[in-house]
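Respectively, the protein sequence lines represent chains G and U. Under this note's numbering, the first residue of the first sequence is numbered 90, with each subsequent residue one higher. Under this note's numbering, the first residue of the second sequence is numbered 1346, with each subsequent residue one higher.
Heads up, some of the hints might be wrong.
As the list claims (entries may be wrong) - Listed next, the in silico EDC-like pairs over lysine to aspartate or glutamate satisfying Cα-Cα at most 16 Å (straight line):
1) U:K1401 with U:D1412
2) U:K1415 with U:E1399
3) U:K1401 with U:E1386
4) U:K1415 with U:E1350
5) U:K1444 with G:D145
6) U:K1444 with G:E148
7) U:K1404 with U:D1428
8) G:K98 with U:E1386
9) U:K1444 with G:D115
10) U:K1444 with G:E119
11) U:K1402 with U:D1428
The hints are simulated quantities; they were obtained by calculation from the structure and are not laboratory data.
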Amino acid sequence: NAGVTQTPKFQVLKTGQSMTLQCAQDMNHEYMSWYRQDPGMGLRLIHYSVGAGITDQGEVPNGYNVSRSTTEDFPLRLLSAAPSQTSVYFCASRPRSTSYQETQYFGPGTRLLVL
Amino acid sequence: TQLLEQSPQFLSIQEGENLTVYCNSSSVFSSLQWYRQEPGEGPVLLVTVVTGGEVKKLKRLTFQFGDARKDSSLHITAAQPGDTGLYLCAGYNAGNNRKLIWGLGTSLAVNP
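Please put together the full structure from these sequences, using the hints given.
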C-alpha cells in the first residue's frame, strides 16, 4: 500500500492564482481531512469528509474548496491564492468507526509559497 | 481557544538525558494520542491512551494518561539523536470522534 499520497511536494504561486492540491489514499478509509501547519499555530483543520459526497468545514475553511467524488481522492482547491495561504498542507485519512482510538494517517505534505 | 496545551514548546538536550513532555487540558478526552513528526514529513502515530491512569511503554518512551483523562505525559529515557523531532499530542472529545483536537507540539533536539 502507498498509504496517503500528496502532489505536488512543492509549489510557488503568485497572488491571485488558483491551484489544486491532490490527495489520494489506497486504504479504503472513509474519513479524510486537510490540515495546514504553520509555525506557532500547530495543525489546523481546513476541511474534512466522512465519505464520498460528504464534506464539512474545519477551523480555517475560508479561501479553500473541497469535493469528494470517490473514496480514494480528496482534492483541495485554492480559488485565489493569497500570501496568508503560504503554509505546509497535510492530507490525512482514517477508517470510519465509532472508536476514539483510530489512527490518522498523514501524507508527506505539500509546501506552498504564495508570492 | 487551544484546548490542548503542550509544554515545553522547545527542548534541547544531550544524548543520554531523560526528559518529560506534557499535554494538559481543562477538558475531558475520550482518548489522547501522541504523534512524532520528523522534518519534511507528516506526523506518525506513536501511541493512543484511552483509560484514565493508563501507562503504555514503547521501548524508551513511556506514555501516561491522567486519572481524570484531562492530561498526558511522554517520558523519554536516555534520549538518542534519533528521537529528535516534533512531538504532538491530540485528543478526541467525548461525543465527537470526527475531529482531533491538536496541541501545538514540543520540538525536541537531542544533540550527540
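Consistency of the hints with the structure:
As the CA atoms of U:K1401 and U:D1412 are separated by approximately 14 Å, the hinted pair is consistent with the 16 Å bound. For the suggested pair U:K1415 and U:E1399, the alpha carbons sit about 12 Å apart, so the restraint of at most 16 Å is met. For the hint linking U:K1401 to U:E1386, the alpha-carbon distance of about 25 Å lies beyond 16 Å, and the restraint is violated. Annotation: proposed proximity of U:K1415 to U:E1350 holds, straight-line Cα distance about 11 Å (limit 16 Å).
The straight-line distance between the Cα atoms of U:K1444 and G:D145 is roughly 11 Å, inside the 16 Å bound, and the hint therefore holds. At roughly 10 Å between alpha-carbon atoms, U:K1444 and G:E148 fall within 16 Å of each other, so this suggested pair holds. With a C-alpha separation of about 12 Å, the suggested pair U:K1404 and U:D1428 falls inside the 16 Å cut-off, and the hint holds. Using a Cα cut-off of 16 Å, the hinted pair G:K98 and U:E1386 holds, with the two alpha carbons roughly 11 Å apart.
Restraint check: the Cα-Cα separation between U:K1444 and G:D115 comes to about 21 Å, which exceeds 16 Å; the hinted pair is violated. Under the criterion of a C-alpha separation no larger than 16 Å, the hint pairing U:K1444 with G:E119 is consistent with the structure, at around 14 Å. Annotation: proposed proximity of U:K1402 to U:D1428 holds, straight-line Cα distance about 15 Å (limit 16 Å).
When held up to the earlier numbered hints, the structure conflicts with 3, 9 and fits the remainder.
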